[in-house]
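Read top to bottom, the protein sequences are chains P, E, H and S.
What the first sequence shows, in the numbering used here, is residues 479 to 841, in sequence order.
What the second sequence shows, in the numbering used here, is residues 479 to 841, in sequence order.
What the third sequence shows, in the numbering used here, is residues 479 to 841, in sequence order.
What the fourth sequence shows, in the numbering used here, is residues 479 to 841, in sequence order.
Treat the hints loosely; a few may be bogus.
Identical chains share a label here; the pair holds if one copy fits it or two copies do between them.
[Claimed, not checked] In silico DSSO-like links for lysine-lysine, alpha-carbon gap of 27 Å or less:
id, residue 1, residue 2
1, K799, K683
2, K485, K576
3, K624, K807
4, K485, K626
5, K626, K807
6, K799, K624
7, K565, K799
8, K624, K576
9, K683, K789
10, K807, K485
11, K565, K485
12, K799, K485
13, K485, K593
Keep in mind that the hints were calculated from the coordinates and are not lab data.
4 protein chains.
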Amino acid sequence: MSSTYGKNIRISIFGQSHSEAVGVVVDGLPSGFRPDLDELRRFMDRRAPGKNSYSTPRKEADAPEFLSGLNGGVTCGAPLVALIRSKDTRSADYSNLKDVPRPGHADFTAQLKYKGAQDVAGGGHFSGRLTAPLCVAGGICLQILKSKGIEIGAHIASIGNIRDVRFDASSVGRADFHLLRGAAFPVLDEARGAQMLTAIEQARKDGDSLGGVIECAVTGVPGGLGDPMFDGMENRIAGIVFGIPAVKGIEFGSGFGGTSLRGSDNNDSFYMDGGRVRTRTNNHGGILGGITSGMPIVFRAAVKPTPSIAKEQYSVSLSGKSNVRMTIKGRHDPCIVPRAVPVVEAAAAVAVLDALLDGNKYQ
Amino acid sequence: MSSTYGKNIRISIFGQSHSEAVGVVVDGLPSGFRPDLDELRRFMDRRAPGKNSYSTPRKEADAPEFLSGLNGGVTCGAPLVALIRSKDTRSADYSNLKDVPRPGHADFTAQLKYKGAQDVAGGGHFSGRLTAPLCVAGGICLQILKSKGIEIGAHIASIGNIRDVRFDASSVGRADFHLLRGAAFPVLDEARGAQMLTAIEQARKDGDSLGGVIECAVTGVPGGLGDPMFDGMENRIAGIVFGIPAVKGIEFGSGFGGTSLRGSDNNDSFYMDGGRVRTRTNNHGGILGGITSGMPIVFRAAVKPTPSIAKEQYSVSLSGKSNVRMTIKGRHDPCIVPRAVPVVEAAAAVAVLDALLDGNKYQ
Amino acid sequence: MSSTYGKNIRISIFGQSHSEAVGVVVDGLPSGFRPDLDELRRFMDRRAPGKNSYSTPRKEADAPEFLSGLNGGVTCGAPLVALIRSKDTRSADYSNLKDVPRPGHADFTAQLKYKGAQDVAGGGHFSGRLTAPLCVAGGICLQILKSKGIEIGAHIASIGNIRDVRFDASSVGRADFHLLRGAAFPVLDEARGAQMLTAIEQARKDGDSLGGVIECAVTGVPGGLGDPMFDGMENRIAGIVFGIPAVKGIEFGSGFGGTSLRGSDNNDSFYMDGGRVRTRTNNHGGILGGITSGMPIVFRAAVKPTPSIAKEQYSVSLSGKSNVRMTIKGRHDPCIVPRAVPVVEAAAAVAVLDALLDGNKYQ
Amino acid sequence: MSSTYGKNIRISIFGQSHSEAVGVVVDGLPSGFRPDLDELRRFMDRRAPGKNSYSTPRKEADAPEFLSGLNGGVTCGAPLVALIRSKDTRSADYSNLKDVPRPGHADFTAQLKYKGAQDVAGGGHFSGRLTAPLCVAGGICLQILKSKGIEIGAHIASIGNIRDVRFDASSVGRADFHLLRGAAFPVLDEARGAQMLTAIEQARKDGDSLGGVIECAVTGVPGGLGDPMFDGMENRIAGIVFGIPAVKGIEFGSGFGGTSLRGSDNNDSFYMDGGRVRTRTNNHGGILGGITSGMPIVFRAAVKPTPSIAKEQYSVSLSGKSNVRMTIKGRHDPCIVPRAVPVVEAAAAVAVLDALLDGNKYQ
């Protein structure tokens with residue numbers, strides 16, 4: 479099994495990079511909700527390729543086609559299905575990949591699993607293109623959450639060694655999110671953003687690539703969501719965020735950095751704030767024991783450098799059982815982190831809405 | 479829902495810190511396997527408290543009592559159930575926790591979710607004591623994996639700011655694991671280990687606590703395990719490891735550090751090694767596209783500093799809606815990282831065996 | 479996987495007939511509920527063996543021991559675990575079953591699946607004894623449902639060829655249930671009940687056994703529970719009722735009999751009843767399109783004749799690969815239908831409470 | 479949640495009767511399989527409407543369009559998606575259904591669940607049209623099963639009061655299936671079939687409808703598939719078959735009829751048949767303790783009379799809170815049983831292939 483997620487909202491993503499279409503089934507959406515399709519298009523545009531020098535020039539018409547689940551533009555309770563047709567594919571670019579797997583890609587592991595039947599063109603089902611339908615699903619979930627006072631925003635926390643400032647985990651909110659959503663390159667500190675862009679451009683010129691970290695926050699979350707142990711909010715968010723290709727790590731609140739603190743510094747003091755319990759700091763990232771505290775959920779995802787690079791690399795010929803050199807042709811982002819920002823938001827939205835629909839949330 | 483994990487092997491953990499017993503149901507174990515109960519006891523002993531100055535002096539008789547699932551000492555196909563009876567509990571220590579939640583603990587979020595019905599004694603179902611039955615389940619899975627040539631080992635990668643050397647991700651193996659399993663304090667570099675112990679002792683004296691990072695490796699894993707997107711090995715391992723209390727982050731292979739590398743450095747070159755495809759480096763941590771490559775799986779989990787500290791802290795009185803100071807009484811580890819090492823191994827074992835039993839692994 | 483059921487309430491049943499204990503984990507119960515243990519005991523007693531001539535004289539002390547999940551007698555949100563210790567077992571009776579499987583039992587199929595490692599004593603995990611923990615789980619669910627105005631009752635609809643009258647599907651309710659729960663032999667028509675008892679006694683004398691049908695009704699169910707297609711209430715109830723050993727069929731509303739009606743007779747006319755929509759008849763058994771209508775849920779389960787009979791039967795020796803005659807020793811009910819009545823109620827209770835806790839029920 | 483089924487093969491069905499398309503995602507199909515699309519079309523044709531006087535004259539172009547999951551005509555491991563575009567719909571026929579629900583349909587229960595947002599046209603997501611994508615999924619599963627020696631066939635066991643002969647449960651096989659697949663009206667006894675057709679024609683003339691029973695057999699099933707209790711083959715098959723609209727009952731082997739037998743008659747004697755264990759009779763329907771015995775799986779599904787009839791019926795006006803008379807316009811099958819025969823085969827195919835892919839089947 480593979481590409482399904484969720485308990486109350488179940489998304490099932492399908493398609494290969496160069497198949498006729500990619501898409502998603504979203505089962506379990508509350509009925510009676512009217513998605514704002516313009517807002518969804520704007521959200522999708524933040525992920526779309528071909529906008530600038532650091533993203534692939536391949537053009538996608540990412541406008542989703544809704545086949546079912548809407549009735550008069552309103553969710554009707556039946557599974558919602560959105561298709562994104564493929565255009566402008568060049569399968570010929572990939573003809574050699576079954577024999578010579580690209581380093582850092584899933585070509586080799588797909589070969590092991592599917593014994594040569596896998597669709598290698600463009601990475602097949604492992605392609606970053608599959609994040610487009612995730613954005614359709616997540617984009618609608620974002621709108622539903624917003625209608626309930628829950629908002630999600632994310633920014634580029636680092637590109638290579640260059641770090642943006644972090645969210646203020648205790649006070650992050652709507653103002654930050656509004657600015658970030660409108661930005662061509664979503665960072666909190668524009669000067670750092672400029673440095674990042676320079677580094678990306680340099681990597682592109684070098685035929686190389688860069689990775690980075692995305693920081694995401696969810697505000698307005700009611701306390702009491704999630705469950706202990708294996709169905710906690712950390713497990714659930716990690717369970718969907720690791721579905722985004724190239725994510726190799728996730729941390730909540732103070733995360734790995736928090737392991738260098740002493741307990742007296744990492745513990746978040748409770749205090750009363752006008753009748754509501756809050757914490758002074760938010761090293762717990764809004765989650766204690768798997769359950770939300772009502773403070774913002776804050777997490778960071780590590781995105782590895784794009785494995786597709788123009789530089790020559792070492793690989794093997796599976797048929798010849800020999801070592802070979804190989805060069806990847808085609809067009810690739812020198813850094814996918816900027817385009818992955820809305821994808822992380824989308825993933826978080828699905829996980830949070832799924833938890834919000836848990837029958838046991840108001841025990 | 480909460481404390482169940484797995485698709486082919488399903489574990490269901492139960493109990494509260496001070497309930498009559500904690501335990502686990504393990505459904506789906508292959509039949510006909512004879513667990514080595516002495517080896518299991520030795521494995522459990524690595525987690526057991528009360529062994530030294532950095533762990534709580536509470537005595538546990540962690541020897542599991544098997545109620546079902548074994549027939550003549552051999553797994554019979556029926557769900558295996560193991561109980562660990564509670565002894566030496568002092569519930570009186572916790573009487574005030576419903577009103578004044580401990581910073582960094584789940585007391586407050588449990589209150590939100592369960593509306594005052596939660597069992598607060600010793601942290602209830604959120605207690606680290608629940609990792610004992612996880613070790614029973616994982617300990618048996620480890621033995622089954624070993625019989626198939628798959629081994630799992632882990633060490634303390636850091637305590638506070640003091641770092642052990644890392645596993646050599648490409649060549650980690652049995653020799654490392656053997657040493658680590660026999661060590662009272664499992665590190666690769668004993669000098670660093672001594673520094674860590676000093677730091678822990680200092681934290682204890684200061685009425686404070688320390689966190690750390692645990693690195694875990696799985697060797698002998700066949701290629702082709704796991705699925706794309708949401709059922710990849712990273713998702714699955716994260717899904718169980720975040721079930722260990724105090725884990726706030728996980729990263730695979732080069733992880734967060736890999737985001738500072740360029741693609742040409744982070745990509746792992748393939749080469750032929752006596753007819754078998756391997757990678758020169760292992761920045762991918764044995765997983766590409768969610769699917770195992772045959773290289774060792776390597777991941778690190780961030781463990782936050784023990785939230786229970788002797789120092790006075792700030793909290794609130796939920797009944798009085800006022801800010802209060804509070805001091806946690808009772809006995810607590812100044813650092814739970816050493817005892818969490820076998821727990822991480824256990825969690826990895828369950829996830830890997832679950833994947834190994836996937837019907838589609840040999841597509 | 480096997481013995482787990484449910485999405486919001488997850489029950490996981492364990493044990494073998496002659497293992498040290500059988501039991502159940504119930505995860506997801508609403509917190510803050512105080513089970514009435516006396517009422518639970520009375521419910522369990524309806525299933526208990528040894529009460530009369532048509533049930534096995536084996537004595538069970540079916541009083542469950544609660545290990546966790548209760549705090550001060552109230553559900554605390556953590557998984558509830560109940561054990562029933564085994565007593566009075568005679569494993570020696572079953573020593574030959576690995577070689578000579580009993581007709582109509584799971585001995586042979588367990589042998590195929592578990593390759594000789596299965597626990598054959600008393601039927602192992604396939605024993606009817608596993609319905610005792612199902613009754614613990616279901617008994618508590620019944621109490622929770624009752625607190626929400628939902629009641630469940632069942633009666634013996636037939637034994638062999640002797641049929642009780644059926645529930646009036648449109649008006650079945652509390653009065654019927656009250657009488658049935660208090661009856662030693664739960665039928666609506668006592669004269670038919672007397673005939674059934676005579677038939678059972680005759681079968682016992684003949685060294686033979688009888689089957690029958692159990693009819694179950696659930697009243698007070700709100701409309702709108704369940705989902706279309708594969709997660710409808712029929713699918714869900716069937717999914718748990720077929721977990722009761724010996725059940726070989728299930729039908730809802732007019733069921734198989736309804737296939738002989740014309741649409742104009744089988745369709746249930748809607749009418750207004752004091753501002754509420756009801757149906758004149760209830761051939762739909764309270765479920766249309768998988769979703770509850772607010773009319774009583776009515777279903778019937780077919781229970782095959784007890785496969786354990788005293789008469790000589792034909793089987794095979796698996797080791798000798800030869801045909802043999804065999805006689806089953808030990809003590810067995812000539813008819814398990816009466817004892818299965820509360821088990822069917824318990825199963826229905828778990829399914830209905832699980833649906834009631836669906837996050838999407840109030841879309 | 480609703481329209482997903484399966485553990486190893488996961489099908490997710492989408493669409494409404496009059497939405498732009500209906501379709502299915504099939505995740506988990508073994509890779510490297512080349513579906514025979516001509517054979518699939520012939521299978522789909524058996525379900526297609528408009529062929530004769532007892533089925534609706536609405537024309538469907540049920541040829542599925544494959545969007546993903548195939549690469550060069552071969553399954554590539556990625557989720558397979560098939561669409562069936564809608565044509566020839568007349569939504570105007572259904573405009574009044576939100577206010578006046580049709581007896582026997584899901585109009586009323588959908589109203590309760592989706593609060594007026596449901597798509598009523600043609601029954602929306604509850605329409606029998608959703609069985610077309612189930613046939614696509616099941617048709618491919620049938621082909622995969624056939625390649626492993628497993629075949630599935632079904633016939634009309636009864637229409638109204640007219641009964642076909644039953645399968646010989648012990649010897650049913652390829653010859654029967656071959657004849658049935660080629661028949662316009664699949665019965666074993668053609669004389670009975672002729673009577674059934676007459677009865678259907680009479681019901682049509684009367685503006686009424688008929689129900690019936692479908693009997694299905696699966697041959698070549700290896701022993702040892704399925705699990706005890708809640709994941710047995712009966713539970714699994716029931717779990718998908720109740721997803722077919724209008725199914726109100728299911729029974730395995732001797733089923734409800736078997737409850738009238740004594741144990742000595744209902745038990746199936748084992749015997750050696752050339753080194754293989756078989757049973758003389760097959761009252762157990764190929765399943766004991768939830769696990770396959772290697773004998774044919776045999777089950778029967780009860781299909782209620784088509785609720786759409788031309789006769790005037792009684793219903794309510796939900797807006798007016800009053801009783802009303804209503805007449806259903808549009809075109810409807812007087813008996814859907816013949817068209818449901820391949821749907822039952824398809825459902826069985828998905829359940830059996832799903833079980834065959836269980837990782838634990840060769841414990």
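Within a copy, between copies, both or neither: which one fits K799 and K683 at a CA-CA cutoff of 27 Å?
neither (33 Å within a copy, 60 Å between copies)
Homomeric proximity label, K799 with K624: Cα distance no greater than 27 Å
neither (54 Å within a copy, 29 Å between copies)
With identical chains treated as interchangeable, where does the CA-CA distance between K485 and K593 reach 27 Å or less: within a copy, between copies, both, or neither?
between (31 Å within a copy, 22 Å between copies)
Go through the copies and call it for K683 and K789: within, between, both or neither, with a Cα cutoff of 27 Å.
within (10 Å within a copy, 55 Å between copies)
Give the relationship of K807 and K485 under a CA distance limit of 27 Å: within one copy only, between copies only, both, or neither.
neither (40 Å within a copy, 39 Å between copies)
Under a CA distance limit of 27 Å, which applies to K485 and K576: within one copy, between copies, both, or neither?
Neither, since 36 Å and 29 Å both go past 27 Å.
Within a copy, between copies, both or neither: which one fits K624 and K576 at a CA-CA cutoff of 27 Å?
neither (44 Å within a copy, 29 Å between copies)
For K624 vs K807, is the C-alpha pair at or below 27 Å within one copy, between two copies, both, or neither?
neither (42 Å within a copy, 42 Å between copies)
At 27 Å max between alpha carbons, let me know whether K799 reaches K485 within a copy, between copies, both or neither.
neither (44 Å within a copy, 36 Å between copies)
Regarding K626 and K807, is the shortest C-alpha distance of 27 Å or less found within a copy, between copies, in both, or in neither?
neither (46 Å within a copy, 40 Å between copies)
From the Cα coordinates, with 27 Å as the cut-off, is the pair K565 and K485 best called within, between, both, or neither?
neither (33 Å within a copy, 33 Å between copies)
Within, between, both or neither: how does the pair K565, K799 come out at a Cα-Cα threshold of 27 Å?
Classified as neither; 35 Å inside a copy, 53 Å across copies.
Checked against the numbered hints given earlier, the structure breaks hints 1, 2, 3, 5, 6, 7, 8, 10, 11, 12 and satisfies all the rest.
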